[in-house]
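Number of protein chains: 2
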Amino acid sequence: MLSLLSLRARIEAGSLTPSQAVALTRAAIAEHEPSVRALVTSDPDPVVPEMGPLAGIAVGIKDIIDTAHLPTQMGSSIYTGWQPRADAPIVARLKALGAVPIAKTTTTAFAFIDPTETCNPRAPGRTPGGSSSGSAAAVAAGMLPLALGTQTGGSVIRPAAYCGVVGVKPSFRLLPTVGVKCFSWTLDTLGLFAATAADAAHALALIAGRPEIERPVGAPRIGLLLPEFCDAAEPEALGALDHARVAAEAAGASIRAFSLPDLFKEAFDQHATIQDFESAQALAWEYTTHHETLPPFLRAHLDMAQSIDAAAYDAARRIAHHARRSLRDILRNADIDVILTLSAPGFAPQGYASTGDSRFNRLWTMMGVPCVTVPVPGEDAPLGVQVIAGFGHDARALSAATFLEQTLAERSRDYG
Amino acid sequence: MLSLLSLRARIEAGSLTPSQAVALTRAAIAEHEPSVRALVTSDPDPVVPEMGPLAGIAVGIKDIIDTAHLPTQMGSSIYTGWQPRADAPIVARLKALGAVPIAKTTTTAFAFIDPTETCNPRAPGRTPGGSSSGSAAAVAAGMLPLALGTQTGGSVIRPAAYCGVVGVKPSFRLLPTVGVKCFSWTLDTLGLFAATAADAAHALALIAGRPEIERPVGAPRIGLLLPEFCDAAEPEALGALDHARVAAEAAGASIRAFSLPDLFKEAFDQHATIQDFESAQALAWEYTTHHETLPPFLRAHLDMAQSIDAAAYDAARRIAHHARRSLRDILRNADIDVILTLSAPGFAPQGYASTGDSRFNRLWTMMGVPCVTVPVPGEDAPLGVQVIAGFGHDARALSAATFLEQTLAERSRDYG
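Protein chains in written order, with the UniProt record's numbering: chain A, 1 to 416; chain B, 1 to 416.
These are calculated hints, taken from the structure and not from any lab test.
Any given hint might turn out to be false.
The following label-pair restraints were derived from C-beta to C-beta distances [as the list claims (entries may be wrong)]:
#1 Asp242/A x Ala300/B: 56 to 62 Å
#2 Ser326/B x Gly252/A: 40 to 46 Å
#3 Ala30/A x Met51/B: 51 to 57 Å
#4 Gln20/B x Ala300/A: 50 to 56 Å
#5 Glu266/A x Trp82/B: 33 to 39 Å
#6 Ser35/B x Ser19/A: 54 to 60 Å
To spell it out: a stretch of chain B is covered by chain A in this simulated footprint if at least three of its residues, at any positions, have a beta carbon under 8 Å from a beta carbon of chain A; those stretches are [what the hints assert, rightly or not]:
#7 92-105
#8 203-213
#9 276-282
The beta carbon of each residue, even a glycine, is placed where N, CA and C say it ideally should be.
Using the sequences plus the hints, can you model the full thing?
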């Protein structure tokens, strides 16, 4: 994979110019894109700034995020050739930092669950996950050092885990979703894909203008969680979690068991109500005027979502609000820095009929807390473990993820 | 003015068809628009649904709200001729109810404070207020029975008060801001303009799918507030507030003095920090690529806003959050249904150099609470008083506003 920090180190040392770094990326795209199919459109002649802390970094932009220089097609023929007027603020920010938004990456239609044609470069024959399929696959294939995705259920953490890359879903609204096609305004969260946790921390710190995000916090105090409200995970995923626990403990992290009260099962169950009620409104124009053009999962979803009433939504919002406050207090009193848990139920599912299962992600999206998935060396296909911190403590989540990544790499070297 | 409920009553009685109702509106537009200049574009050949609870109701849409059938030009030459692909959900919802989004109404550029060319039909020579200038003026001139606006500081309540119409800023996110050009995602709130509070309550109940919003609650328990953290209002505005108090009390409302602790002065002062930090991001593309095209107030504002740092923003958000929770508890314990206070410091300012002052609105926008301004019979120019309820209690705010409107009309008949 292309490491953002490695590219930047070479640029800062003068051994690589930003233009050469982008040319490297374009060569990698030319090599891998025909088999991976992660990109929708690319800039054939990108402007490459010579200055800026992300100069030389080519970025993939999920194709529900507005770009002024490339079409934004939402993964749907309803938006074929659609050219927004303005860059979304997140794209303008990348440009201001010197980065090159070089390509739009594939997305399931409107970031729901109808699969794309993108392949999983690390697990042939398996889904790359969704909805940010192209961003995960492009980073996994070594085509791009950084890519943007969004998560409403599990659309950053799950594809990152399935593709063996790092995915970060920051605290809610740390990155503005302005100019990003809305599915659920309470849940939609912008996130990043990168080769390493250190890469992701560096990018997020710069994009958010918050240098503290990449400041290491030291060996983390970890609460190990197997959410009882989710169906059991596959043995391989549990094995990866145990592997990560052992590695972290050996490297000096403190580990204790962690569990959540019943309120969180209740909150977990309400994710769908919030998402469905809001998506029926957010996609009202598409539903009304292009019903037959919607892909089957999304059409059936929106058919169903029309019937959710305001009272059910209000009740769901109240439970979510209560759970967010409760989680803050629980994390404050638990003497832990982060939760360590599963990123997904197991390997990416075989075939391309589904984008996989977001049940280990939805609660955290609704809680608005920062989540990072870190790859754990697997056998048949990639696996990830998920590090979660309290709201606003993105630095803790990224520091613990970086710690975990390093300890896993060391064990892999020791025993590999 | 055109009353939505009167038009609907005639349609339901069979004495007016929806097409005839829309034709009435178009005739009023033809008569008044040349002098008022409230509209940017109009649909020359609108489709008029014959069915639906808002059939026959022509609606003005502030020109920062996306419409698939009319350009959306943001009050700025940067978006001249810009045609969105989709209707914003609020527009799709109006259409689903049978309403006819017939025209786009003038807005200050990106809903900031650079004045439009719109006149105040009720106070010649004075500003109609902003940023929803055209929506307020079009309803005031009797051109439209309903119009949409947005409020980030005071952009619904203030122009409604200045133009002598009813303005409603509902609870934050009761109406989705998806497809509405963003200035500040924490503050931007969709609102309505109508001839009467009963009209506004009826429209809001239908649009939000919440019938309880137009259910009368009875004579309200009122807390009378003169916010100490705002500079003093003009004598005419204080007179209007006193007039409303006397009328309400005579009609059976209970009135007590109400004040807010110092926390709310602190919160009031933080509105700018939140708005400025977010607007610098929301308009990053426009600022970077069209700096010289921005109008002077907005350009100077964004120049300044670049320097606000994340720490100041975080602190402002924390104070706002604390104040919102505190306001909820205060309103619960104060034994009042609504706050009654000023809508604006006084008459609309003379001339067209300014859109007036939002200091009696900004705190409430930040608190996310429902606000309704009700016209009070004035002499030189319109005045309004503002009714405010706790978050989610839009029904209380609208019921009290309707009560107040009726008692004011009765007194006006008695003594007028």
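Hint by hint, here is what the structure shows:
1. Asp242/A x Ala300/B: 56 to 62 Å: The hint (56 to 62 Å, Cβ to Cβ) holds, given that Asp242/A and Ala300/B are roughly 58 Å apart.
2. Ser326/B x Gly252/A: 40 to 46 Å: Since the Cβ atoms of Ser326/B and Gly252/A sit about 42 Å apart, the hinted range of 40 to 46 Å holds.
3. Ala30/A x Met51/B: 51 to 57 Å: 56 Å Cβ-Cβ, so the 51 to 57 Å window holds.
4. Gln20/B x Ala300/A: 50 to 56 Å: 40 Å, violated
5. Glu266/A x Trp82/B: 33 to 39 Å: 44 Å, violated
6. Ser35/B x Ser19/A: 54 to 60 Å: 58 Å, holds
7. 92-105: The restraint on the stretch 92-105 of chain B holds, since 4 of its residues have a Cβ under 8 Å from chain A and three suffice.
8. 203-213: holds (count 3)
9. 276-282: holds (count 3)
Checked against the numbered hints above, the structure violates hints 4, 5; every other hint is satisfied.
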